[in-house]
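K.L.:
As you go down the protein sequences, you meet chains A and B in turn.
Note that our numbering has the first sequence beginning at 18, numbered continuously upward.
Note that our numbering has the second sequence beginning at 323, numbered continuously upward.
Hints in this document: simulated from the structure, not taken from any laboratory.
It is possible that part of the hints are untrue.
BS3-like mimics (lysine-lysine), calculated; alpha carbons at most 30 Å apart, straight line [unchecked claim]: (1) K53(A) <-> K505(B); (2) K109(A) <-> K358(B); (3) K404(B) <-> K565(B).
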Amino acid sequence: MHYGFPIIAGLVIFIGLLCAPFALGTGKTYKQPEVKLPAGEKECIESVEFMREQHMVLLDQWRDWALRDGKRIYTNHNGKEFVISLQNTCMKCHTNKAEFCDKCHTDAGVSPYCWDCHTQPEGLK
Amino acid sequence: MKNNRRAFIKLAAVAAAGLAVAPKAMASSGGHSPVKANPKGLHAKQWAMVIDSTKLHSEEEIAKLADSCHKIHNVPELTGKKEVKWLWSDIYPHTFPEQENPHLAEEVHHRHYPLLCNHCEHPSCVRVCPTKATFKRPDGIVAMDYHRCIGCRYCMAACPYGSRSFNWGEPRKNLDLANLNPKFPTRMRGVVEKCNFCVERLAVGDMPACVEASEGAIVFGDLYDPESPVRKVLRERFTLRRKPAAGTEPCVYYVI
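For reference, chain A alone in the conformation it holds in the complex:
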């Protein structure tokens, strides 16, 4: 075979690189980021499971309800009412964006652009 050695060597390196992430990752277990929950508040506007899975959907609905439909009061599944506002309702309890929002978002590799406009609770620097 012409150029047999470089071809085989190249293939070995290529397959090695291809498999490297799997090889390096075996044995390690995924650890969920530990977010800092609000100190004073026990319950969020909906259940923990709901917020974990659906908060992005809820925020999306909230923005349309408040901005486009002019309906700014949200009644949760227990009948409790909240003012629809990311900045003035959510962030009143979740006062630390870096310790709450960012931890999971960084971990999941998503970068929502909420904070391009909305002011984070710590204020802007």
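Start from chain A and add chain B according to the hints.
P.N.:
Relative to the frame of chain A, chain B by itself:
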């Protein structure tokens, strides 16, 4: 056989009627809407404003209004072509270019007039917006959804009043970050912005910021309620609107 066909047609009719009614019945019985408007909020069929330019006409007085508006809404301070403005002032020939005459009273000619988005009844900006980022609410306010704005600036070209500003740069770079209003968001680069008739204040039962700061020189109310303060002034005083020939039916009136 005869009986069967009859029964079938009857049954089909009942089923069709049921199909027509069912979706509505299910919608009304099952899902409750989780949202409602704030009961304290103010409502109207078409919000409108009357500005008494005999009471409010110096540049400083209008700058004071603009200041209170811009502070509340975190509007960046910029000058020149990149300026962002929700409320500003100009002289008669620029405010009412179609309604000028060469022998106009000098005082009226040189007076300053507060200018802002006219929240037109037939807004041309809404018609041209390709993403529906700017839209007309049921209460007549021409609002903007900054989440959807793609910065194409069609609305700026369509607006006959120059009421819209484009954020050429990062607006936060020109804001006093220590004195932001934490209750209202700032905007991002590449979106168009404008006066929103203080939607967020009306929603909690407050009057717009400029109306409060004007100390009675600006009247605000429902254009379609004959008893509203706006209609009372319109009945009693002579008023002008900006560029009526554009056909957008502006809802900001000026007492001259």
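K.L.:
Tell me if the straight-line CA distance from K109(A) to K358(B) falls inside 30 Å.
P.N.:
The hint holds at about 21 Å.
K.L.:
Assess, step by step, whether the Cα of K404(B) is no farther than 30 Å from the Cα of K565(B), and give holds or violated.
P.N.:
holds, 24 Å
K.L.:
Checking one constraint from the list: CA of K53(A) to CA of K505(B), max 30 Å. Satisfied?
P.N.:
holds, 23 Å
Violated hints are absent here; each numbered hint is respected by the structure.
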